Structures are given as structure tokens and as C-alpha cells.
Amino acid sequence: MSEHTIAPTGLADPAARQAMTAGFDPDPGAAKPDPILVVDNIVRQFGGMTAVDVGHLEVQRGLITALIGPNGAGKTTFFNLITGFDRPTSAKTGAHWSFDGRKLDKTSASSVAQAGMVRTFQLTKALSRMTVIENMMLGAQNQAGENLFKSMFHPVWRQQEREIEAKADELLQRFKLYEKKHDYAGSLSGGQRKLLEMARALMSDPKMIMLDEPMAGVNPALTQSLLGHIQSLRDEGMTVLFVEHDMHVVRHISDWVAVMAEGRLVAEGSADTVMSNPAVIDAYLGAHHDTDLGDDALLTDEALEEIAEEVAAEDAERQADEEAEGLR
Amino acid sequence: MTSLQKDEPVTDTRKPVVEAKDVVAGYIPGVNILNGCSLVAYPGEMIGIIGPNGAGKSTLLKAMFGLVKVHSGTVMLGERDITNLRTNQLVEMGVGFVPQTNNVFPSLSIEENLRMGLYLRPKKARERLAAMWDLFPVLHDRRNQSAGALSGGERQSLAMARALMMEPSVLLLDEPSAGLSPVRQDETFLRTRRINKTGVCVVMVEQNARRCLQICDRGYVLDQGRDAYSGTGRELANDPKVIELYLGTLAKDVDEERDSH
Amino acid sequence: MDTLQGILNGMMREAISPQTAAVAIAVIGLNIHLGFTGLLNFGQAGFMLLGAYGMAISVWHGLPFALGILLGLAAALIFALVLGVPTLKLRGDYLAIVTISAAEILRYIGRSSLLSDFTGAAQGIPGSQYREPFTNLSIFGSGSFTLIPFNYADVADGAAWVRIIGWLLLVALIVALVLVLRGRAGLAGGAKIGAATVISVVGVFLLFFLFPVPGQSTGVNGWWVRVVAWTLVAISTFVVFLLVRSPWGRLLRGVREDEDAIRSLGKNVFSIKMQALVIGGLFGAIGGMIYVLPASTQPDSMGRTLTFFCYTALLIGGAATIFGPVLGAVIFYTARIGIKYTLSAYVPSDWMNNQQTEQFSYIVVGVALMLIVIFRPQGILGNKRELRFDV
Amino acid sequence: MKSRHVVRERSVHRGVAGLILTLLLAPLLALISSGPAHAVDTLCLPGPDKACIAGTIRTEDGPLADVKLTVTDEAGTVTEVTTGETGKWNVQVDKEGPYVVKIDEASLPKDLDVVKDNVTVKAKFGATMPALLTVRTASYSDSTSKFDQLLQSTVNGLRLGLLLALASVGLSLIYGTTGLSNFAHAEQVTLGGMLGYLLINVHGLNIWLGGLLVVILCAFSGYFQDRVLWQPLRRRGLGLTQMIIVTIGLSLALQYVYQYLVGAGTVRVVQDNPSVREFGSVTITNQSLVAMAISIVVLLAVGYALLRTRVGRATRAVSDNPALASASGIDTDKVIRLVWTVAMGLAGLSGLLYALVVNGVKWDSGLQILLLLFAAVTLGGLGTAFGALIGALIIGLVVEVSPVVGMPGDFKYATALLILILLLLVRPQGLLGKPQRVG
Amino acid sequence: SDSEGDAKPEASDTPTASDSAPAADAFTDDKCAANQTSADSFRVGGILPLTGSLAFLGPPEIAGVGLAVSDINAAGGVNGSKACHDVQDSGDSSDMSVSTASAGTLVASKPSVVIGAASSSVSLNVVDTFADNKITEVSPANTAVDLSGYSPWYFRTAPPDGVQGNALGTLISTDGYTKVGFLVFADTYGTGLRDVVEKTVKAAGGSCTYGCKGDGDEFPPGQTTFSSEVSGVIASKPDAIVILAFDETKSIVPELKSQGWDMSKTYFTDGNTSDFSKDFAKGTLKGAQGTIPGADPDATFKERLSGWAEVGEGAALKDYSYGAESYDATILAALAAVKGGATDSQTVRDNYAAVSGATDGKECKTYADCVALLKDGSEIHYTGPSGIGPIDDENDPSSAFVGIYTFNADNKNELTSTVEGSK
Ligand SMILES: Nc1ncnc2c1ncn2[C@@H]1O[C@H](COP(=O)(O)OP(=O)(O)OP(=O)(O)O)[C@@H](O)[C@H]1O
Ligand SMILES: Nc1ncnc2c1ncn2[C@@H]1O[C@H](COP(=O)(O)OP(=O)(O)OP(=O)(O)O)[C@@H](O)[C@H]1O
Ligand SMILES: [Mg+2]
Ligand SMILES: [Mg+2]
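Chains A, B, C, D and E are the protein sequences, given in the same order. Take the first sequence: its position 152, counting from 1, is numbered 152 in this note's numbering, and each next residue is one higher. Take the second sequence: its position 128, counting from 1, is numbered 128 in this note's numbering, and each next residue is one higher. Take the third sequence: its position 298, counting from 1, is numbered 298 in this note's numbering, and each next residue is one higher. Take the fourth sequence: its position 190, counting from 1, is numbered 190 in this note's numbering, and each next residue is one higher. Take the fifth sequence: its position 398, counting from 1, is numbered 398 in this note's numbering, and each next residue is one higher.
Honestly, the hints are just simulated from the structure, not real lab data. Treat the hints with caution; some may be incorrect.
As the list claims (entries may be wrong) - Take a look, some chain D residues computed to stay more than 10 Å from chain C by CB distance:
(1) T79
(2) P109
(3) K110
(4) K122
(5) F147
(6) S181
(7) N206
(8) L217
(9) A219
(10) V270
(11) R308
(12) A323
(13) T378
(14) D410
(15) A414
(16) L417
Stated by the list, open to error - Heads up, simulated BS3-like pairs for lysine-lysine below, C-alpha to C-alpha not over 30 Å straight-line:
(17) E:K31 <-> D:K124
(18) D:K110 <-> D:K124
(19) D:K68 <-> E:K213
(20) E:K110 <-> D:K50
(21) D:K110 <-> E:K179
(22) E:K362 <-> D:K116
(23) E:K213 <-> D:K116
(24) D:K95 <-> E:K237
(25) B:K241 <-> B:K252
(26) D:K116 <-> E:K82
(27) D:K124 <-> E:K82
(28) E:K199 <-> E:K179
(29) E:K362 <-> E:K286
Claimed, not checked - Okay, the calculated bits of chain A under chain B, using three or more residues with CB under 8 Å as the criterion:
(30) 26-37
(31) 182-193
Owing to the predicted nature of the structure, the values given are computational and were not obtained by experimental measurement. C-beta: ideal position from N, C-alpha, C; glycine also.
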């Protein structure tokens, strides 16, 4: 869609990417040639329940990786863990993760973001009593004016401020929020908040952006144009890791897909391979995921039962897992 | 490919169940979000509302449900004028609502959340709870956990279950499928449809537009606080204007691409 | 008319009293905490107490004045750190309890008889023990000094209507200031600030002009401490203006709205909150010093009540605004005196006696306070739109 | 009339007249300050060139009569004196300087210990110098066992804790349902005591009936307050910080309403002294026992209502998400009004019991414990009613016990607050609060 | 003491048909007009507690000032000009801005003298302001030792702690109590007195068991629960307990009683030696003793004070603390003005000590009498109801009588003897 000028990374070319991902080992947790994020042995338990238990995961630099999995699989918790918003239960028993060669085991959330790994929240966090543009400008990194002492001297940061604002304007236009520039973020609609959340994260020019269901609640046409934007960012060299339940989105832009279930990494592969994996279909996509629901034939008891079974399957393993946990 | 323009008179002899007539509403005095928005749902109908972000879909639902002040226009429930009635009165009349955000009580346990759905008829709690545990086994397993710990999707299921507890006669849903895994989305749509078939009138706002239009009897496209288009689900889904403005071609492209493989 | 003039004079005195200025400075600090950063600091009086005691104890025990000031500031700084390190990670409401408790603990320490040689215990330190170095700096010389030579003859002793016109003028100025600051006058940016400054200067001049006691001496509670106090108010306001319109100020407001969001953008929330706590606390300490200069340093005078008054002043003026704290402090104290004096002058004594009138006037003050906040929740300068999203 | 003719021991230039008057009235004085006629009963009057040395010999059980003492001056001149029936003795001397007063042990009854048998005092003209000698019975023990003290203060602590709990549960309920920190809560506590004073003391109502009426009136005040003040404010969407200021204003106004109506001094609800009950070494008044029992019963009832009833759940639902609560059919206004009613009723009850137990109420009684209430609420975890109960008990115990374990008495509140701060450092969400989920 | 107190003479409540007591309707409430200053009238300012935690001390003090002004005017004013009073609120120490504002108002109104403040803390807060503006301030109630000779413009008619403390200490010691426990209010008032009593008792060979100097067992003003203090003091096994507090006494006494303390071994001071007949059950305080500096103002004076309060304040007095001292402070100031021939504050200050007897003048009891003497050109020594001696060179009363009171079965305090104490 949006034909952004393609930056000269080797990965801008779809063919190159395909060639690259074709070479990846499709086992869960397999090594990548140039991982930007490497995660080892992250476990997070709540009470007796294990929400996340990822043995090993590598995220390839410069690609768009999708993280999918049933509800409650632990995707958000995983995001929280690696971005420093939560601490793994296994912190003392050898949990390691590193980003761009830098160890993040004990790094605070803000340092993680400073290191270039920026995330968005599934349940949005708009800064209500600030305007949209202020929200955006907060996203920019390394602002001289954010230093207590320099802040008092306008000339020191005036120029930078202008540049940041220009950049923010550009993003706002793309995210269809420009008209709302001077409105309080608290007055945005649900979808607009999602958009703002994403746009604000992009303000910081991250090396890797982690989006938690960015398109949930965003209208389809806009989703489409935003995906174009994300792709162009990837083409400029940004790494993207995102959680999404909309399979069209996943198919459309992801170069690589990782599947989580009951806290574990259960499959990896290209979108097509993963989505034709019967286990994934069973427990996640459902047999009807690309049939037309408008057909009342589907409302028969059998069909509903079938779906219910699939849902049950989605939960089953997790339950088993919990029980195992309980027995232990 | 007939797209019904807003002002085109729709003659229908049935008596509407819910009807919003030229509703003008907004959050701040002087700033109207809805500028004369109309919507009608007949008995047994399932209505889908779609539209760009910020179009006023949630606001319309909230205005119908008494959460946003209606400045002019009326909202009718059957014969009754329910404009600006208090929310809890509407619940007594059998209207159920699932908000888009903040739709659970985070510090109450899951079971208590569900019980809140039946606040007005506590006697039926046991029976309805059993029914919900059947529909959402995950929730049953964790019924004593506080809802605040749930993942986004789990919350959404809980919110839905809470609304179903009360067996409403009109159900207003604001993006019930957001955040759900695909199979659960399907399940949600079908379940809603099934409930609808039992005579419950459903009005749902959705961004999962294609599915929504597939399953709904009629749909409305909202834009800038007005009902810009309306028609049957299939009409709208294939209307090029709607596609261009709103639906986009992503799903189609992707599906085609996949089929060509 | 004489009575009316007496009341107006009383209000005027209160309006430019150094203690009003002192509270204004403390409120400026509180505004950084509460208004901009959303830190529920219910211990601002504790900061004031530290500033005041830091200065008073040092000078009392023979240290140089300048060192005393530094020690007062240092005490506030340390208090902020000690308080901040553990509590800034807590949720806002908890911070409120911790700060109010910590401030009370300070007060208990201050009044403990165990330290009486050091702090003077419950009775505190008499002003005469530490004030001298300050009064010695006076540019007015010693003895009586008439700042504006014609004021007594022309205005203060003149007919009451002159005074009333003066007041009306002042009110008009305040209204103008409000309009300008809230952007209703069509000014923006530098022009806005310029206009506000000019109006303020004229207003302050008018206040001094209308001020009824000409022969204020320079020693204890006279022109010198007033001039210093209000100069400090002006400087503080300006510093805060510089700070909060900058990206740093934006950060503060971001933290106020949602810490996690700010964290996810790579900002060190803890350090920002700490900076805010320290800066606001330092203003508090300066306020405390001014507060005790014309009086004496006593633990009880800087307790909860004072914190509550600071809050009140802030909300009357408008939280998260630049001039709000000063306006709020002046209005709160002036109105309080106005109510007291009006009631005691006009309530017939067969309705209520002297004491009952005073007590009644506090009831009125309490109710007035409620009404102000109810009918103008955003404060005089605040922005109503912001309130809508109060969570 | 006689009181106007009291002896005035005026000095130097007072003149003879005064002296004569004094002497005339001496018997009167003697009647008061020493026993009937005896060897030393003539009052010793210091004069410009006379000094007095005086004292009383007594054990902890009472005065000792007929005890012989010797008073020796610097030169070694000895004067003997015997105590009167009230144990009093005195000597007049006409030289200034040190005198040694010594007790004659032989003149004492047998089973007594003389702890201190002599003392040196400096006589000064125109003044009476007291001399203290210590005699004890054999069974006298000098100190109380630390353990007993601890026990007693623990009981006192529980008592204070329970009373604080009554008030803080209400505070916590209001915070829990509306998010409001009600600084005027203290005045509601005072209101309970004040109404108690007016109904029971002034109007002479029976204490139980009066008490019931107090609680009902206080509860009604809550209902009324919400009706005319808080509900309209919520409707207008007033922010919480603003609401806090409103409560501060209300608190100020109420304080002065009390001062205006009742005065600035302490008044008592019942005039009688509480009767005492002893359990081993612990003494406790019947009033306290009853108060504690009432608190426990009421607290249990409230706890049950909160956890087990629909309305209880509704209060928590409203606190969590008011919009959704009303979308569930809860009449949030009704629930909040109920909470105000109950909370104010509890505060009133607490104030009444508090006034009874601490023997009085004053316009700022509540204000004095406000911070303790907040501390209790916070300690337990904001908005959790049971937390408030536990927090209150802890605060009560700390306040009462800390002086016994060596904290200076004037730090007893400070200690409670310090404990609060320290606990929050370890457990930021309070004892029963739950941490929140991010993301 | 443990004598048969019942046999004691009843304090007479009925006023005697005293020569000087005018009928109640003769009192005038002479409030100052806004434009009256010391230039044309004898303007008495007051900075007294009308609100706040010491507000219960306000009424008798206001009545003292008001009655004095009324008497002065009845006697023809000061040098022919009328006297008037203007009492401002001193608030309490928790809100200093009240007293500061009142001081400002008073300074601006150019009074001849300012009577106040009641609490030492408030006095310290405003004393420099008055001194700086050359306004004489006379406190009727400050007893803190540190205020002795604080400034040439500051006087007081309440004797400093030493006077009463000595008397109380002596009383306790002569009663034979060796070990003394203190329940002390953490204010200059409480600690100041405590220090002196403790010293006196120790000098007599006694000891302190609780609440001693340096123990930190004082309780903050306004505290409401005293169980821990009372447990503490009883556990320390004292022979006698001294309660140094104001209004808190009403809560402390029942607590003591309920923890089994024998109230006849309890001592009070001027802050709480008052009529408790409405507060405690009969017999509660029987045998307890207390001291009040100043000879017991006779019943006539109390009647008059209360009579004025009914006129000026609309209600009779419940309590008389510091009423006499306020009265004398005002009368002395007026006399000083008469002596100096002018009503300005400087004159009042210059002659204040002289009219109080510092120059060994002739004794006179009432304003009218003293004025007459002054008119004759003689030096005078005013001996008013407070019974203080001449003002010394530290502007303190050099001596004062201390009344010793015993509580009867009705919990009323009755004078049993009077001793004279000096600094
Ligand atoms: N603070 C918490 N306390 C208890 N359980 C928690 C907590 N946070 C998460 N969980 C549980 O951990 C599991 C994983 O949650 P998470 O939010 O990571 O799921 P998710 O994969 O993001 O799901 P969704 O797709 O629905 O957003 C869920 O079952 C959730 O209930
Ligand atoms: N609380 C509020 N105060 C002021 N304006 C608001 C508020 N909530 C929403 N709005 C504005 O109302 C308009 C419509 O919002 P609404 O939530 O109805 O949109 P929506 O159609 O539901 O969008 P989405 O699909 O993103 O949820 C938006 O422009 C939004 O900015
Ligand atoms: Mg998630
Ligand atoms: Mg919406």
C-alpha cells in the first residue's frame, strides 16, 4: 500500500526475506542467524499457575515476527517480562535474555526502552489529561529539554523540539489522528487510543518494537494502511515483534510466526506452515476460521459443539498444565 | 449492489424493539459526537454497527444505554421512551451492555463478576452460573481468582459471560470479539447469533467487520456521528464505497493470495 | 465606612503579609508535586518545617546565616530523598499517607522534650534568636521606613471609597490576569506571559500602594521581609514557569497520567518523580524559612493544618497552572481575614459574642471553601476540560 | 465568707495586722493542714528571720503518728519533734543553712523498713523547707512487673484498636466505594461523642437508648450528607482531589460548629467513674469491656455483610468500576448512600464508645485520631475493610505498647506512624491489599 | 492533705454586699471604634484565644479585659479619655497565621496596650512584632521562664513557673510523698512547671518516677487517650501524681481512677484546679490538692467577672482561669497611662512597673482609688485581685501568692491556705 521509499537493507526485498526464513529451522526455539532478542529459560508463575515458561526463543533482526496463541497463553506476560514490567519467577534460577547483545536480566523497564526495545500495551495507556501531541512528543528519545537543568533554558532545546513536533505531525497524519492533535488523549475513542499508543511508541525510533494486539479495535481500512507503514519500517531496518489474533494481519505482514500455548513456545515457522499445522488449527484457529459464519447451518448444535470442543482444546492443555503444576 | 442511503425511507410494518431517532449526543457540552444518528432494530434482529475509529459507534451504544447524555432526539425501547434514563433502570427493563473497555470488575473474583451480572435477580444465580460455567469452562476453573489478573482475551470472555448472566431481551455489545483468539471469535459470533435466534435483539459494534457483516441481519456504517450507510450485512460487505472507506481489501487480498498458493 | 476601611486594610495587610508569601512559595512547590507530577504529598508542612528549623537551629547555634539557609535546604533535600527512595514506587494514595505520617513524625521530633536544647521543644525557637542576620541585610536601614511616601496621606488615611476603588482595581487586575492566562484575551506565547507579568507587577504595586501601614519598621515584620518574600515568590514562579513549559515539565505531567506508559517510553520515572519531589520540597523549605522569619519557629505551626491550607490554596488558584499557587494563597488568606473581620464587625453582638463570632467565621470559612471548590473545581486559573478525565 | 478571710502569709511589709489576722485564723488552717491539737500542731510560719522545716512521715499505706525525728543544725544543736496524727511534723528555726533531719527508728512500729532515714535540707528565711524521709511497709515492692505492664497495655491496645477499627472500617468503606479520602470522618467520630453528650448527659437519656439514638442520628447524618452533598458532587463529576478539599472544608466547618455549640472544652458523656474489673493483673473498666464487645459484634456483622451479601459485593463492584456497576443494574447512588449511612453510623458508634472509654469528648477529639485512622486503613491495604480492622488493631497495640517497651511516651503516635511507613516499604500494597497487574 | 476536708469552710458562692460591687447592669461593653487609637483614647488591644485548642481559656480573659475597661470608664476613663477594648483572635500554635494577622491588625490600630497572649507559643510568635512597633504587650497567662526579660515591651501579670512550681513542690514534699510521678502536657506550660516541681521535690530528698525531665513521657496537647500514660505512671509506683495539663484532666482523672489510683494523692496546678462538679461523679477528686498562683480572687470579683461576661459576651463564665490576671494587666496599663499623663504605648510601658509597686508606693486596691492617689502625686502600688507583687526588672511579677486548694466531695476546689512564693 503505502509505498514508502525502501531503505537499502537487504531485507527490504521480499524474496530475500523468504529465502532467509526458508533457511530457518522450524523447531520451536531454533537458532536464527542474527538474533536481536535471545531469551533463555524465562518462567513466570502466578500462585501455582505457570503463565510463561519459555525455554529458548530467538527473534531475527530486521524481520516482522508474529507471536500468536490462544487467550491466556502468556503472550502479554511474556512481553511484560522481557520489557522489565514484571520479574520472572526464575530470576534466580538462570533466566537470561539479551537484546542486541545487551543483557537485560535486571534492567528496569525504562532502560529496556532506552536500549531500543519499545512496547505497547494491550489495554491502552493514554495519558488522559495531556493532548495527543504531547503524548506523541513524550515518545521521543534523548531530549535535551528533559534534563532538569537544561530544561530551564529554552534555546537549548528549542530546535530539537521543533524537529520532534514535525515528526509527530507526520505520524499523526498517518495514524489518522492529526485532527485530534490538540485534543486531550482522554477523549479518544477506544481504537484511537490504540493508534495513539502505537504512534507514540514509534516516536522513539526503536530498534525493535513490540506491539501487543495493535490492530484489535482498529478499523480494517486503517489497519491495512498501517500495516504498510509497519512494513516500510521493517524495510528501514526495524525489527517488529507483535501479538495479534487477526490472522489476515498475521498472514499479510509477518515473515515469521511463533506460537505460544499454555506459556510455552510450541511452534515456529512461516505463517502458512504454522497455520496449516493441525495442532495450531485445532487449538487456536478453529475449523471454521475461514468459513463464512453467515450461514445459519453453522448454528446447528453439532457445529456449535464442534467449536466448543475446539475451545475446550484451547483450554485443555493449559488445564492439564495447571493440574500438573498443582500435583507437583 | 444497492447501498441504501440514509435518507431513503425504509418502510417496515414491524414494531421496532429499540430505536434511536436522530440522536444528538456528546461528552462535553457544545461538542456533539453524534449528529443526528438513527438506528432501528426489529424483533429478533441482529444489528451490526461498523465504522472508522472515532466515528461514534461506542458513543451511540452509550447514548442508547444512558451513559452519555442525549441532547436531542429520542431513544425508544418498544413503546417506551428511554432517553436519558438511568442505566440501572434500563437493566431492569432487560437491556444488557458490554462496554468496549473496562468491562470487568478487576478486584472482584470471577464468580462475583458473574453474580454482578445478575444483580437484580439473585435468585436465579445458581442456575445461570451453572449455565455460564458450561459455556466458559476456563472461567469455572478460576472462579475464585480476581478478574484483574485475567489476560485481555479472558477478560473479554468474562465480560460477555457477565452480560449473558442476566438473559437480557436486548443486548448491546461493543466489540465483543476484540482480543479473542480466532476460534473464540467464531464462537462468540455464533453464540451471539444463537442467542439472537432465541428472540434476543442484538446490537453489536465490531471492527472485525467482515465477520460481523456476515452474521448480522442488518448493518449500519457510522461515520462522523451519522449513520452513513445501512443495509443488509451482505449488501454492505460488497458495497465498493464501504469497502473503500472502511473495510479495506486486506482480508480479500490475503485470502486470494493464500488461495493462489 | 471606617469599619469597612478597617476590614479592607486588614485584608490588604494579609494579602501582602510575608506569611502569605511564604505559603505561596510552599504552594508553588506543592504544585510541582501535586499539580504537575500527581504526587500526593501531604507532608509539605514537613518540608517547611525542615527549612525553617534548618535555618533557625543553625543560626541559633552560631552558624552563619548563609550556611543556615543551605542547611535548611539540605535538610529538605535529604528528607525528600529519604522519603522518596522507598515511597515513590508506591501507589499515589500510599504516598499521601507516608508523607503526612513522616511530616507528623518530624513534628513530634520537633516538639519532643528530649531534644529541647537543640530544637527548643514544644515552644520552639524564638525569632529573636535567628532573625538578626537577616534583618541586618536590610536595604531599608533600621527603624521606621515609609516605602511609598505619599501613601499614608493620600490613600490609607483618605476616604474609604478611595480604598474601595483601589480594591476594585485590584480585582479587575486579577480578572484580567485570569483572562490573559486562560487564553481568553487572544494572546499567546510570549505576549501572554508578558501581559501577565505586567499585570502582576501593577497589581503588586497597587497592593503596596494601598497598604495601610506606612511606618513599617524594617526589623521583624516590616518592609524588608515583605520585599524579600515577594521577590522570592516572583522568582519561584518564574523558575516554575521555565521548568514546566519545557519537555521536563511534559515528562512530569506524563508521570502524573500513567507511570507505566512513561516507563515504556524509556523514561526513568523514579528519577523524574524524585526530581519533582526534591524541587517541590526545596520550595517548601524556602517557604518555611520565610514563614518563620517574622515570627518564631514552632513545631506545631507547621503541621497538618498548614498542609491542608496549602492544598486549599493550590486548588483555589488552580492546580497545574503557573500563577495559580500565588493567586490561591493570596485569595485564601485574604478571604479568610475578610470573612472574619466582616463578621466580627457586622454581626450584632447580641446575636453572638466575640468568641462565637470568631468561631462562626471559621464555619463560614469552611463552608466557603467547600463552595469554592464545588463551583469552581478547576480553580480560578485551571482548565475545566482537564477535569473531565480525572481518574 | 470565710474564704475571703483566709490566711495570707504575706511577707515583710505586710505588717502586723496581717500577722494578727493570721494568728487568729491559725486554728482554722490547722484544721486543714494538720491534725487536732498536738505537740507540733501549731503551724510553723516562716517569717523574715524565721525558717520552717516541715514534712510528713508516711508509708505508702498512710501517715504515721508519733514518730520521733531529730533536726540537727550545722552547729550540732539537736531539736526533737514528733509527728502528729496526720504524720505531719515541723520545726521553726532561726538560722539559715543546712539541717539534717533524721528519723528515730526506735519510735517506728516494728514491721516497717526505713528506706531513707535522714536528709539534709537548706533552710531559708521566709520559706518552709520540706524534708522527705522514706518509710515503707515490709510488703512494699518498688516496681511493677514488666510483664504485667505489657499485659495491661496489650489489653488497652486492643481496646483502642477495636475503637479505631469501627471508625476506620467506615473510612475504608467510603474510600473503597468512592475513592474519596474523607478528612471529615474525624468530625463524624466527634459527632458521635457530642451527640452522646447532648442526649445522655444533658438530656439525661438512658445510656443504651441514647446510644442507639446517637448511632441512628449519625447514620442519618451520613445519609443526609450524601443526599445533599456528595451525590450532587459526584453527578457534577468533581475530581477526587477537589472532593478531598471539600471534606477538609467540611471538617473545618464542623469543628467550629462543635466549638460554637458545645464549647471548646472537654465534656463527658456520663459523669460516673467507670467501674473496674480485674483479671489477674489486668484491670479494665466495665465500659471498656462492653465497648469492646460491641465493637467486635458490629465489626463481625459488617464483615459478614460485606463478604456474604449481595449489597456487600455491590459496594466493591461500585468501587471497582462504577460505570460497569450501573450497567449491571446496580443503583450506584443507592449503594454509595448506603455506604455513607453505614460508615457514618459506625463512626458515630465509634465516637460514642471512644468518648465513653477515654472519658470525654472535645471538638477536636476525632481530629486527634484522624491520622491513626488513615494509618490503620493504609496499613491494612487501602479499601479493604478487613485490612482496616487489622490495621487498626496493630495501630492500637503499637500506640499503647510502645511506651512500655521503652519508646519515649511522646513518640507513641510517631512510632505507630513509623511502623506504618516501614511496613509499606516491605509490602507496598498494605497487609491485605493485592498488587496490580500491568499491561 | 488528708485532713477532714469536709469540716472546711464552704466557699461562699453568694456575693457579699460588698461596697465596690456594682449591680450587674452597670457593666458596659466598650468596644473600640475603628478609628479610635491611642492618640485619643485608651485603646486596649487583646490577642486572646477565641478559637483553637486553647479557646476555652478565652472567655475569662476577655471578661477580665472587658471588666477592667468597664471599671476604668466607670471611674471616668484615663486622663479624661475613654477606654475601649478590641480583642483579636490569637488562634493556637497550629495555625500561626491567625496570630500574625491579629498582631498586624493590632499594630495598625495603634493600641495603648495589648493584653495577651494566653499561650507562650503564640506570645513568642508575636512578641517581636509588638516590640518592633513599640507596643506594650502584657500577657496574663504566660508562665514560661524563658520569657523573663524577653523584651522591654513585654510584661506579664502571671507569675513565672518558679513561683507556683516551688509552692507545689513544697506542698507535695511536706505532705511526705517521696516518689512523684508526673503526667505532663508537652508545652512550655507543662514542662516548665514540671521542671521546677521536680527540682523542689528532689531538693527535699524525693525522687521522680515518671514523666521526669528528659524522659520524653510528655503527651502532646489535645491527645485524647491517656491509658498508656496512666498505666505508665502507675506502674512506676509513685507516692503521689502531679497532673500538669489543661482540659485533658477531664479524661485523665477517670482513667487514673479506673486504674485504681487514690485521688487524694493527686496534685493539680492552675491549669486544672477548677470546679469539676459537672464533670465527675461525686467524691472522685475528694482530697486531691491543687495550686493556683494569685490569691483566690474573692467571690465578689468572680461574680463581677461573670456579670460582665453576661453583658459583654452573652453568657456567664464557667471558668475563671486568668481572669484576674487579665483584669490586673489592663488596670495596671491604665494606671501607667494615668501616671504618665498620656495613653500612648510608650507611656504605658515606661510607667508599668512603677504603678505595680516597684517604686514602693502606697497600696491601693481599685482603679478609682489608685487614680485618686496618682492625682495626689503619690507613687502607688496597685494590689488587684490577682495578688501579684510589683513588676521586677525582668518585667515579671516579683512575687505572688499561691493558693493551695483541696477538692471536696463535690469536686469543687476550695482554698485551704495561701503561701507566698517568689521567683
Ligand atoms: N498478575 C497476575 N496474577 C495472576 N494471574 C495472571 C496475572 N497476570 C497474568 N495472569 C495469568 O497468566 C495467563 C497469561 O496471561 P497473558 O495476559 O500473558 O495472556 P495473553 O497470552 O496475553 O492472552 P490474551 O491473548 O488473551 O491477551 C493468564 O491465564 C492470566 O490469567
Ligand atoms: N470521554 C470523552 N470525552 C470527549 N470526547 C470523547 C470521549 N470519548 C470519546 N470521545 C470522542 O468521541 C468520538 C467518538 O468516540 P467513540 O468512542 O464513540 O468512537 P468509536 O466509533 O467507538 O471508535 P472506536 O472504533 O475507535 O472505538 C471520538 O472522536 C472521540 O474523540
Ligand atoms: Mg495479552
Ligand atoms: Mg468504540
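Do the hints match the structure? See the list:
1. T79: Correct as stated: the minimum Cβ-Cβ distance to chain C is 41 Å, above 10 Å.
2. P109: holds, 42 Å
3. K110: Its Cβ never comes within 10 Å of chain C, the nearest being 44 Å, so this holds.
4. K122: holds, 28 Å
5. F147: holds, 27 Å
6. S181: Incorrect as stated: the minimum Cβ-Cβ distance to chain C is 7 Å, not above 10 Å.
7. N206: holds, 32 Å
8. L217: Holds, since 20 Å exceeds 10 Å.
9. A219: holds, 22 Å
10. V270: The claim holds: V270 of chain D sits with its nearest Cβ about 26 Å from chain C, beyond 10 Å.
11. R308: holds, 27 Å
12. A323: A323 of chain D is indeed farther than 10 Å from all Cβ atoms of chain C, at 12 Å.
13. T378: violated, 4 Å
14. D410: D410 of chain D is in fact no farther than 10 Å from some Cβ atom of chain C, at 5 Å.
15. A414: violated, 4 Å
16. L417: violated, 4 Å
17. E:K31 <-> D:K124: Since the Cα atoms of K31 of chain E and K124 of chain D sit roughly 49 Å apart, the hinted pair is violated (cutoff 30 Å).
18. D:K110 <-> D:K124: Not satisfied, since the Cα-Cα distance of roughly 35 Å exceeds 30 Å.
19. D:K68 <-> E:K213: violated, 34 Å
20. E:K110 <-> D:K50: violated, 50 Å
21. D:K110 <-> E:K179: Given pair K110 of chain D, K179 of chain E holds - Cα atoms ~23 Å apart, limit 30 Å.
22. E:K362 <-> D:K116: It is violated: about 49 Å lies between the C-alpha atoms, which goes past 30 Å.
23. E:K213 <-> D:K116: holds, 23 Å
24. D:K95 <-> E:K237: violated, 36 Å
25. B:K241 <-> B:K252: Holds - the C-alpha atoms of K252 of chain B and K241 of chain B are around 15 Å apart, at most 30 Å.
26. D:K116 <-> E:K82: violated, 63 Å
27. D:K124 <-> E:K82: Since the Cα atoms of K124 of chain D and K82 of chain E sit roughly 47 Å apart, the hinted pair is violated (cutoff 30 Å).
28. E:K199 <-> E:K179: Cα-Cα ~13 Å, so holds.
29. E:K362 <-> E:K286: violated, 41 Å
30. 26-37: With 0 residues close enough to chain B, the hint is violated.
31. 182-193: n = 6 at 8 Å, threshold three: holds.
Violated hints, in rising order: 6, 13, 14, 15, 16, 17, 18, 19, 20, 22, 24, 26, 27, 29 and 30; the structure is consistent with all others.
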